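Line order of the protein sequences matches chains A, B and C.
So the first sequence is residues 82 to 844, counted in this note's numbering.
So the second sequence is residues -8 to 149, counted in this note's numbering.
So the third sequence is residues 81 to 161, counted in this note's numbering.
Hint data in this document are derived by calculation from the structure and do not stem from the laboratory.
Values in this document were obtained by computation on a predicted structure and should not be read as measured data.
Do not take every clue at face value.
[To be verified] The list that follows gives simulated cross-link-like pairs (lysine-lysine, BS3-like), each with its CA atoms no further than 27 Å apart: (1) C:Lys91 x A:Lys329; (2) A:Lys218 x A:Lys404; (3) A:Lys277 x A:Lys94; (4) A:Lys218 x A:Lys146; (5) A:Lys404 x A:Lys329; (6) C:Lys91 x A:Lys215; (7) A:Lys212 x B:Lys110; (8) C:Lys91 x A:Lys218; (9) C:Lys91 x A:Lys276; (10) A:Lys329 x A:Lys401.
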Amino acid sequence: MSTAEKLENGKFKWVGTRPVRPDGVDKVTGRARFGADLFLPGMLVGRVLRSPHAHARIKSIDTSKAEALPGVKAVVTRDDFKEMPSESVAAGEMMIDYRDMTRNIMAREKVLYDGHAVAAVAAASASVARKALKLIKVEYEVLPHVIGVIEAMEPGAPVLHEAMFTEGVEPTPDTPSNIAARNELGRGDVEAGFKKADIILERTFDTAPVHQGYIENHACVASVSEDGKAELWCSTQGHYMVRAFCAKLLGMDISDLRVTASEIGGGFGGKTIVYLEPVALVLSQKAHHPVKMVMTREEVFRATGPTSGANVWVKLGATKDGKITAAEAVLKYQAGAFPGSPVGPGCMCAFAPYDIENVKVVGYDVVSNRPKVAAYRAPGAPISEYAVECVVDELAEKLGLDPIELRLKNAAKEGTQAAYGPKFGPIGFVETLEAAKSHPHYNAPLGPNQGRGVASGFWFNIGGESCATININEDGTAQLMVGTPDIGGSRASMAMMAAEELGIDLDKVNPVIGDTGSLGFSFLTGGSRVTFATGKAVIVAAGNVITDLRERAAKIWDIPVDAVEWEDGFARPTSSNAGEFDPLSLADIAAMAAKTGGPIAGHAQINAQGAAPGFGTHIVDVEVDKETGRVTVLRYTVIQDAGKAIHPSYVEGQYQGGAAQGIGWALNEEYVYGEDGRMQNTGFLDYRMPVASDLPMIDTQIIEVPNPNHPYGVRGVGETPLVPAMGAVACAVEHALGTRLNELPMSPPRVLKAIGAIGEAQA
Amino acid sequence: MAKIHVTATVNGDEVEFLCELEETLLDVLRDELHLTGSKEGCASGDCGACSVMLDGRLVCACLVLGVEMEGRSVETIEAMAAGDELHPLQQKFLEHAALQCGICTPGILVAAKALLEKKPDPTETEVRFWLAGNLCRCTGYDKIIRAVLDAAAEMRVS
Amino acid sequence: MPRVFLSGNLKKLAGGAEEIDVEAADIRQLLRVLGERFPDMRPHLEQGIAVAVDGEIYQDGWLEPIAPDSEVHLLPRLGGG
Ligand code: FES
Ligand code: FES
Chain A
82 MSTAEKLENG KFKWVGTRPV RPDGVDKVTG RARFGADLFL PGMLVGRVLR
132 SPHAHARIKS IDTSKAEALP GVKAVVTRDD FKEMPSESVA AGEMMIDYRD
182 MTRNIMAREK VLYDGHAVAA VAAASASVAR KALKLIKVEY EVLPHVIGVI
232 EAMEPGAPVL HEAMFTEGVE PTPDTPSNIA ARNELGRGDV EAGFKKADII
282 LERTFDTAPV HQGYIENHAC VASVSEDGKA ELWCSTQGHY MVRAFCAKLL
332 GMDISDLRVT ASEIGGGFGG KTIVYLEPVA LVLSQKAHHP VKMVMTREEV
382 FRATGPTSGA NVWVKLGATK DGKITAAEAV LKYQAGAFPG SPVGPGCMCA
432 FAPYDIENVK VVGYDVVSNR PKVAAYRAPG APISEYAVEC VVDELAEKLG
482 LDPIELRLKN AAKEGTQAAY GPKFGPIGFV ETLEAAKSHP HYNAPLGPNQ
532 GRGVASGFWF NIGGESCATI NINEDGTAQL MVGTPDIGGS RASMAMMAAE
582 ELGIDLDKVN PVIGDTGSLG FSFLTGGSRV TFATGKAVIV AAGNVITDLR
632 ERAAKIWDIP VDAVEWEDGF ARPTSSNAGE FDPLSLADIA AMAAKTGGPI
682 AGHAQINAQG AAPGFGTHIV DVEVDKETGR VTVLRYTVIQ DAGKAIHPSY
732 VEGQYQGGAA QGIGWALNEE YVYGEDGRMQ NTGFLDYRMP VASDLPMIDT
782 QIIEVPNPNH PYGVRGVGET PLVPAMGAVA CAVEHALGTR LNELPMSPPR
832 VLKAIGAIGE AQA
Chain B
-8 MAKIHVTATV NGDEVEFLCE LEETLLDVLR DELHLTGSKE GCASGDCGAC
42 SVMLDGRLVC ACLVLGVEME GRSVETIEAM AAGDELHPLQ QKFLEHAALQ
92 CGICTPGILV AAKALLEKKP DPTETEVRFW LAGNLCRCTG YDKIIRAVLD
142 AAAEMRVS
Chain C
81 MPRVFLSGNL KKLAGGAEEI DVEAADIRQL LRVLGERFPD MRPHLEQGIA
131 VAVDGEIYQD GWLEPIAPDS EVHLLPRLGG G
């Protein structure tokens, strides 16, 4: 059966089933090796000295006492990293600039945030390393700092970068500021659109920066040999990106650096750039020993990328019957210490779910004295879409319309011109709304102090470069290698697609993640791209194996290759005209590989185009305790278009995990800063992520509107589930309270303030 | 620095190790004994990734000092499967896809096993509160809770 | 001739034009012609942008064809977490 026929009548053998993942046993027995789990002979411990100031000029660094301490093998500072010219390259989320990157991994002229790295040591033990850090003398000239996005934009605010003149405004300003860039998109005529409106709502929202919160701290082991060749083991979403960044920062040939991705204990976008890796390499080079570096949780909070906090203004106009006539927004996103917040995608996504003729969105990328932001699950989108969804909800309320009906009236469909430009292909937004409307959850009764919220979300999803290799072993089993780290079960879906194509049993396919020395470049695990893009590479590689297998069968039977077809794991003559031959299994052909030309393999190297966007709709019920301000999530339903779910359990897992992160973002998570500009809640006790007793079961419904650009119809599913969550939870809380907060997180003090139970000062 | 000599039982075997005063049980397990199944997520008792059984009691290995181990007995995730036979919890975690990245999994399994030893028939709420000290950022806990309840049901039958 | 839609900063660099006609049979030609016509746009084009041809978004897809009646949108490069 061809793939098209299988899709037609749903006769897949593996796709759509729920087998145990191939790496599962290693992960339930503790055998799987994560970033901090590698030990090499002679390995040293590397530790980083971090700035206690939010903003200061480094006047001098004296490392002599540390170097003299017995057991210390190397000390590095800014002097060990070369200056990089400004050069932008595509990273996980958006462009990064090597000039900034080298300053982020090791401060040069100034420290720009509490926790900014200023020096590092490699020592024989952790205790010696810690002592050595205390012996490093850094002389700072402390400068005034600025934390909040609005404060950072004010004239007269302390300026982080003296050479930063806002890009994207005409004429370019002649004084530096913290506004790195302004961008704008839109179409139609918003003024005219608002004139047609019967109702116009304008609201302003604030959101706090939140951390990806992966449980595994950043970790790596670097080993540089005397000839300059190096090996690096690290927890990352993309080891080819780590290789590119480190080679560039250290001036190495890419081929001299071999990077192996360890198992990765969560990333969510936060492990798409480098922090420790280049430092460990330089330490190892100086110390002539392998060096292991592992961050503490405090370091992860203080020095790795959260996503932006933001201030968002939204204006929507609609007719009485609920048709949106115009939409406008201004987004101000914190970038942290260096430019590069996800405000660009934030702008593009803000109104993307809706078919609106007149749209204008302006975005500002603003630096302040916080850690540089990193990608976080649909970077930029959750913030702007949260704000828009809240206004859409209020619009429905004011018009006396059901919020799902209002969305259906304005929903983007196939052929709708997206607010950011092009027309949508087949998308499943309306299907998620219809499913939500008829879901038992949506129609269940609510009790006192309870509220229900619904919100939708959009994310692009990407494709990009991926390699895959399938080597057929002598016994007919298949060795599958891909270059995208497996964060959430992708080995399973890759192996399932390979087994489906080859027509062999799943347990005959052994999937592994190749290191950079074993397989060609693969872009990172991010952008919800792996099942789509690497999956496509696996399917192409399997197709090449099949071509090879048919050629081998043709040789064995001594008939033309055109007369051989591959069906359900067997080579067969296309018709009896070709001759009478018993079908040959993959194992039969593999056994004769040597006689028919050597090993059998298929490779694919592709740049997967045609990723299709994801849409989801969430429904949530909450109860608010008006005495304590505590919000309890009672019931949660996620409905999302997956295109085609290869392994439905892991698709559901993405939906549930995204919703849980969104609940944390909505209700509790935030960075708290003191007057001194230092982060005060650097542990899990105070940076409060959802725990098991905070959450109910999270119901899921997978919608499947196939992506025409993937053989099975796959679209990415990893990021979209976070997008609607904050809007849904916010609206639920607001319905329960009967008042709007327009601020995240809706932590108990803020809830109490909103209902007037406590004053402004206490909140 | 002078290290202290400690004799303890780890997963049924008597082991000796030298440890510094500041080293935790988690440091000893991971860095001295190379039993890396127990993970460090916070080193402050807030994430549960380092959960182990100390003399039959569930503890965070990051909150116990290595030198406190003299004469005591610890069981880690590495001892959970009996030979080739996975513990029912391990099996159910696989069947329910109760892990994504898997970094929280060893700690959650150790903690869940401790719960089922105390309470073979826990309610969903009891499982949720028992596991409230074990952070998972990937799954939203849904499949974890289901896997624990399913394992409990199966263990009661057998 | 394919119709190219510009917005935001690219629109500014094209002297404020929102829509222009560009003779191009694939993405590589499109980028070349745009760079010749609007030299200020070149750094942006080289940094990497996404090109949507009839709704399909391509990144680095030089050889993707553009039909004479295609609708083309230039977008910032897309990433993700
Ligand atoms: S590492 Fe022990 S509780 Fe987090
Ligand atoms: S599976 Fe990743 S933290 Fe639990």
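Tested hints:
no. : hint                : in the structure
1   : C:Lys91 x A:Lys329  : violated (33 Å)
2   : A:Lys218 x A:Lys404 : violated (64 Å)
3   : A:Lys277 x A:Lys94  : violated (54 Å)
4   : A:Lys218 x A:Lys146 : holds (9 Å)
5   : A:Lys404 x A:Lys329 : violated (51 Å)
6   : C:Lys91 x A:Lys215  : violated (54 Å)
7   : A:Lys212 x B:Lys110 : violated (46 Å)
8   : C:Lys91 x A:Lys218  : violated (51 Å)
9   : C:Lys91 x A:Lys276  : holds (26 Å)
10  : A:Lys329 x A:Lys401 : violated (57 Å)
Hints 1, 2, 3, 5, 6, 7, 8 and 10, counting from the list given before, are not met by this structure.
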